[in-house]
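Fit chain C to the given chain A structure using the hints.
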Amino acid sequence: MDIKLIDAEPTEEEREAVDLCLGPPRSAWDGGSRGSERDAHIAYGNREVGGLRHLLLPALEAVQARVGWISEGGLGYVCERLNVPPADAWGVATFYALLSTTPRPRRVLHVCDDIACRARGARELVSGIEESVGPAITHGPDGDHVVVDHDVVAWMHSPCLGLCDMAPAALLIEAGTSPAEHSIGTLTAHHARRLCDGGSTGVDAAATPPIPQLGAPGLSLLRRVGVVDPTSLAAYREAEGYDAMGRALELGAEGVIHEVAAAKLVGRGGALFPTARKWEAVRTQTSTPHYLVCNADESEPGTFKDRLLLTHDPFAVVEAMTIAAFAAGCDRGFVYLRGEYPLAHERMADAVAQARRAGLLGANILGSDFAFDIEIRRGAGAYICGEETALFESIEGKRGEPRNKPPFPAERGLFGKPTAANNVETLVNVLPILLQGGATYATTGTAQSTGTRLFCVSGAVRNPGVYEVACGTTLRALFELSGGVPDGLQAVLLGGAAGTFIRADEIDIPLSHEDTRLANTTLGSGVVMAFDDTTDMHDILLRIAGFFRDESCGQCVPCRVGTVRQEEALHRIASGKTRGGLSSELALLDEIGAGMKDGSICGLGQTAYAAVESAAKRLRLFDMRIAK
Amino acid sequence: MTTAAPIVQLSRRARAPKAMVELNVDGQSVSVPDGTTILGACAALGIEIPTLCYLETLRPVNVCRLCVVEVEGARVLVPSCSRTVEAGMKVKTRSDRVRHTRKMVLELLASSVDLTTTPGANELLTEYDCDPARFGPPAPASAAGVRETRLPGHHTPPNPDFAATIAQPATLDNDLYVRDYGKCVLCYKCVEACGPDHQNTFAIAVAGRGFDAHISTELAVPLPDSACVYCGNCIAVCPTGALMAKSEFDLRARGAWNEACQTITDTICPYCGVGCTLTLHVQDGDIVKATSPLDNAITLGNLCIKGRFGWRYVQQRAGEGGPGADGRG
Chain A
1 MDIKLIDAEP
11 TEEEREAVDL
21 CLGPPRSAWD
31 GGSRGSERDA
41 HIAYGNREVG
51 GLRHLLLPAL
61 EAVQARVGWI
71 SEGGLGYVCE
81 RLNVPPADAW
91 GVATFYALLS
101 TTPRPRRVLH
111 VCDDIACRAR
121 GARELVSGIE
131 ESVGPAITHG
141 PDGDHVVVDH
151 DVVAWMHSPC
161 LGLCDMAPAA
171 LLIEAGTSPA
181 EHSIGTLTAH
191 HARRLCDGGS
201 TGVDAAATPP
211 IPQLGAPGLS
221 LLRRVGVVDP
231 TSLAAYREAE
241 GYDAMGRALE
251 LGAEGVIHEV
261 AAAKLVGRGG
271 ALFPTARKWE
281 AVRTQTSTPH
291 YLVCNADESE
301 PGTFKDRLLL
311 THDPFAVVEA
321 MTIAAFAAGC
331 DRGFVYLRGE
341 YPLAHERMAD
351 AVAQARRAGL
361 LGANILGSDF
371 AFDIEIRRGA
381 GAYICGEETA
391 LFESIEGKRG
401 EPRNKPPFPA
411 ERGLFGKPTA
421 ANNVETLVNV
431 LPILLQGGAT
441 YATTGTAQST
451 GTRLFCVSGA
461 VRNPGVYEVA
471 CGTTLRALFE
481 LSGGVPDGLQ
491 AVLLGGAAGT
501 FIRADEIDIP
511 LSHEDTRLAN
521 TTLGSGVVMA
531 FDDTTDMHDI
541 LLRIAGFFRD
551 ESCGQCVPCR
561 VGTVRQEEAL
571 HRIASGKTRG
581 GLSSELALLD
591 EIGAGMKDGS
601 ICGLGQTAYA
611 AVESAAKRLR
621 LFDMRIAK
Chain C
1 MTTAAPIVQL
11 SRRARAPKAM
21 VELNVDGQSV
31 SVPDGTTILG
41 ACAALGIEIP
51 TLCYLETLRP
61 VNVCRLCVVE
71 VEGARVLVPS
81 CSRTVEAGMK
91 VKTRSDRVRH
101 TRKMVLELLA
111 SSVDLTTTPG
121 ANELLTEYDC
131 DPARFGPPAP
141 ASAAGVRETR
151 LPGHHTPPNP
161 DFAATIAQPA
171 TLDNDLYVRD
181 YGKCVLCYKC
191 VEACGPDHQN
201 TFAIAVAGRG
211 FDAHISTELA
221 VPLPDSACVY
231 CGNCIAVCPT
241 GALMAKSEFD
251 LRARGAWNEA
261 CQTITDTICP
271 YCGVGCTLTL
281 HVQDGDIVKA
291 TSPLDNAITL
301 GNLCIKGRFG
311 WRYVQQRAGE
321 GGPGADGRG
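Residue numbers (this note's numbering), protein chains in the order written: chain A, 1 to 628; chain C, 1 to 329.
Honestly, the hints are just simulated from the structure, not real lab data.
Keep in mind the model is a prediction, meaning the values are calculated, not measured.
Take the hints with a grain of salt, since some may be wrong.
As the list claims (entries may be wrong) - Pulled a few chain C residues facing chain A out of the computed Cβ check, cut under 8 Å: (1) L77; (2) H154; (3) G210; (4) A213; (5) S226; (6) A227; (7) F249; (8) L251; (9) R252.
The beta carbon of each residue, even a glycine, is placed where N, CA and C say it ideally should be.
The following block holds chain A by itself, in its conformation from the complex (with noise of 0.2 Å):
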């Protein structure tokens, strides 16, 4: 491809990034120096180069943490390295929200400001950093961009950064040589104010989450955590790690697939797919090589479930990944971490180096004939990036754009091959599942729901965090867990934000997905968030209607203007300007909803209006205003 690059050149500062991200380029022909007699003989390029697109989003992301933003050079040199022609690198550079085209500061303060943060004060806690700091940075009023000097240190707000144990919770980033990145706890906004002074982080909130249950008895998936040093591959190791493996090895695939069958295992994500299917389905593809997609770009509000497995049982889920390769044939698999865990990210690719090391990744697994090794790619701030199809496009170095299906992943996923995606939760499942033997692992939990779920308790709670427990046990139970049913509780909202909100008459509802779904609500990815009565509910729904609006990626027109219209709607309702009264704006609400859940690409407009319409129909939150 014989493409037209942009003319700027590079700063040393950004060279040396991608250079340290690709390694140095080979000759003229690929961004080096000219001059070299060799260049006048030899050409690179091409086919070869052609193969390199993935690497795009790595080296935008390298650009990024060394300078806090992409300069036209900068881009210019990642589109020379890659043969990415530069429109399409923009493309991509505009889509997610970490990567900066525009000067930014080399430390910001993402602020969370959505709803689990806001159920604990976020709203409070923003107006006091803009009081003591300024405000965000974010474009003026037109749309149009704000001149931000790139040496002042300055915030914005950020959707949902699954640090709900922790609300309000924050993530700083500081570019540079070695880039910080740092996730922060219960901010206050004196503390916000100290970081944008250039104070120091300390500790990474995420390496001391509550862990509420710890050291409970009856613990399956969380058992280790917090009890076995997440560092050590050895500790894990006694810690009955690598046992599932050596099991599957004596199972073989199609036995691994049978024990996850007669588990029931279905998908934690939120789609309840059986995984043994979609194994299976991937194992029997003729077509190589077959790719194993761990999904771990959580970001559904609310969630924050993976995190504590990415954190504190890291080796758990590389071994559930080589089980879940060894399964369905996967020679090579990928982690796609989302870009706001800065510690899961350390301590995965800690967990993958070491298990390299010690033969338990490459080839020759645990003496046995099966290799295989996995790669962790970075999400770059895109929650539609955790849709499976638009998670493929982002690693193949594209914009986060969902794919119509079918063909389905286990028929044509990543790089156009069969491809078994799991969330992280249900990867590690596996591990129970083959120590127990299936049938047992289906013996806990209910009929349909089988085993335990983590569910993510966030909001008016006393003790947020990660719960563990069986399928089927009630709302009520979850909340007695977590230090009781919250006084004055108005609504729980269950699935994130594209789950519904539900009446606090409602807790008695068991948590599995039969019951869920017999109630018309459902489990989604275990959100579980309470709000008491201090909340403005009213405040709540329009900061989902909002985080649709920024979330969908703009490819299918329901979606794209449907989240605008809603969000456009329930303002003019905040506001008091109807059109035509509020009944009429909620039946249009209700035509903007069944428009994007008939029409769209995919789940996330698909399911753009359900909590809009749960707070309406459910929660009756608009009734009192009829009234008035």
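Just chain C now, with coordinates in the frame of chain A:
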């Protein structure tokens, strides 16, 4: 907007005859070759399906969702332009759900995008009883270049007095064609035509995110600074007139564009040995636009800068300048 285009098989590879697949559309049985899309099966039955982002010479991207139909057993509606038929499939193209979603798509577009030069838009808006005004009065246009600078994942809270639009001034940065992105429905056709489907120039891509997504060159540079080679193949596939030859744009601006009195003549491009079919659109004795037929096996509707724009010498009149007139030959 086009309705049920005839399906031309454009694959250049010879294939073994395909097995026939039988399905049911709106109660009628039809047999079509395996691999046919639902849209193709509908065309075989003479059932009209509205489309916007579909074009038979481009890979379907199924983003406009205007062509959705209901397939029995499917949880949500499916795009007929890309979904291939399966044996025993039961398809409804006129159900209430289908009509509602199409109506919403049309209203959402008409309330946010200028569809005045989209062929067939008014007919469809009437057919589906659309009332785009019910979302509120359209917001005033943003200043040039403002939409390109919006940050992904951020937006300013909506103004309850208006319905957001993408209205903005047209971009006139070269002599050959105009990019009037206030009319863009983001169908991806121009990106496909400029990129891997036809031209392989990759001068434009979709940039930004969500409602702020837009077609852009790298860093939103003017077209002359981009990789654009002015083949105009993006104009040829644009369904809304957002991309338009300057000759047409200027005539329209003067109110002088009159399609009814134009003659259309096919000829062969005089420039090189490829021999592309050139369709000349002539109004009042002047060539006002050059295109090539989509179903032409050589061009698939594509041309190069010379074929698309290099015909002005034909109507050079004395005293108007042009080659030779300034003595430079």
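Hints, one by one, checked against the model:
1. L77: Cβ of C:L77 sits 5 Å from chain A, so the hint holds.
2. H154: Hint on C:H154: holds, closest Cβ of chain A at ~5 Å, below 8 Å.
3. G210: 4 Å, holds
4. A213: 3 Å, holds
5. S226: 7 Å, holds
6. A227: 4 Å, holds
7. F249: 23 Å, violated
8. L251: 30 Å, violated
9. R252: Violated - the Cβ of C:R252 stays beyond 8 Å from chain A, reaching only about 25 Å at its closest.
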